[in-house]
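2 protein chains.
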Amino acid sequence: MATVTVRNGIDVDQLVATIGAIKEQPSISTFTFKATTSWKEGTLNHAEIGQFIHDGERVERPQPFRLTGDEPPVLLGANRGPNAVELVLAALGFCYGVGFVANAAARGIDLSELRYEVEGDIDVQNFLGMTKERRPGFSAIRACAWVRSPNATQGQLDELCQYVQDTSPVRDIIANPVPVDTTLEVLS
Amino acid sequence: MATVTVRNGIDVDQLVATIGAIKEQPSISTFTFKATTSWKEGTLNHAEIGQFIHDGERVERPQPFRLTGDEPPVLLGANRGPNAVELVLAALGFCYGVGFVANAAARGIDLSELRYEVEGDIDVQNFLGMTKERRPGFSAIRACAWVRSPNATQGQLDELCQYVQDTSPVRDIIANPVPVDTTLEVLS
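Just so you know, the sequences run in chain order L and R.
In terms of my numbering, the first sequence opens at residue 790 and continues consecutively.
In terms of my numbering, the second sequence opens at residue 790 and continues consecutively.
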């Protein structure tokens, strides 16, 4: 009987090989990801996400991904895309989703369904310059995973859910401080 | 001579009216934003961003926005979309962009160009379960604004850039801790 090497669409052999390769050469675990955003008009911005740096080498995608950001009318926009804080919530769901599925595969857990509902509370008074008493960003974020597995117990899934939180890049970025250095170049 | 009420595509009258309305009724500054992500296969996830709660009332967009998230092949995906941490970088650029343009408009600063290049350094060893010594998320983020204005001085733009950082929701979410509560519901 052949060994299952793909579970939940994750190539477990490749995952194990990647971990082995990093043990041999730790620098291949380092990445610099990039995004460029361009203002169009009003609250409308476009983003391009294409290349990244892996172990010091530039990697290009076949084509860059393009995103549109805007605000709803109540926040001076025209609903041409999600706003920036909504994107952060989607990023958390994506990150949890990848972590859950990959770690489930590594543990022999099959998944037939996985969905995250993510929400965050925000008060725009600081953003609007009205007060510094309330923070500009989310005061709280709640995420709920809905999962269906044909072969895992509730206990296994609970434990996996916690492990995914502990190792999630986006959860870490949100829940813990990341240094952000911002500079300005004036074009003449 | 008519007063200019739209600058950089921002309706400054609406902005001033919004601030006035919040002063009258502070609860209208509160929002709960939402995103739902659904796992498809492997590292592929889709997101829907549609409704949000404003001052306790549900607001629907005409149609939900849809996003695709995936990983590059080196991270077990097939490049069908940006990954989660790249989305966070785009969100920061979008957030800075909206803040810069809106606050420029409020100050009488015209902009003819605005672009953000954002990058973040990450080591995937923690995500892969190899170590807890390195954090799962970005260790550092760098953003550079490229701006062109026909009527602002370097000093005015520097001051605006700093103000936008101080009041940016996404910068705050990244640079300062946000409580994230994650729960699991097992579907039978």
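Don't read these hints as lab results, they were simulated from the structure.
Positions of the beta carbon are idealized from the N, C-alpha and C atoms, including for glycine.
Just to be clear, a hint being listed does not mean it is correct.
Below, in silico cross-link-like pairs of lysine-lysine (DSBU-like), each with a Cα-Cα straight-line distance of 30 Å or less [claimed, not checked]: (1) R:812 to R:823; (2) L:823 to R:829; (3) L:823 to L:812; (4) L:823 to R:812.
Some chain L residues close to chain R (C-beta under 8 Å, calculated; not the full set) [stated by the list, open to error]: (5) 794; (6) 805; (7) 814; (8) 840; (9) 848; (10) 854; (11) 878; (12) 904; (13) 911; (14) 940; (15) 956; (16) 958; (17) 964.
| field | Hints violated by the structure (numbers, ascending) | value | Numbers 4, 5, 6, 7, 8, 14, in rising order.
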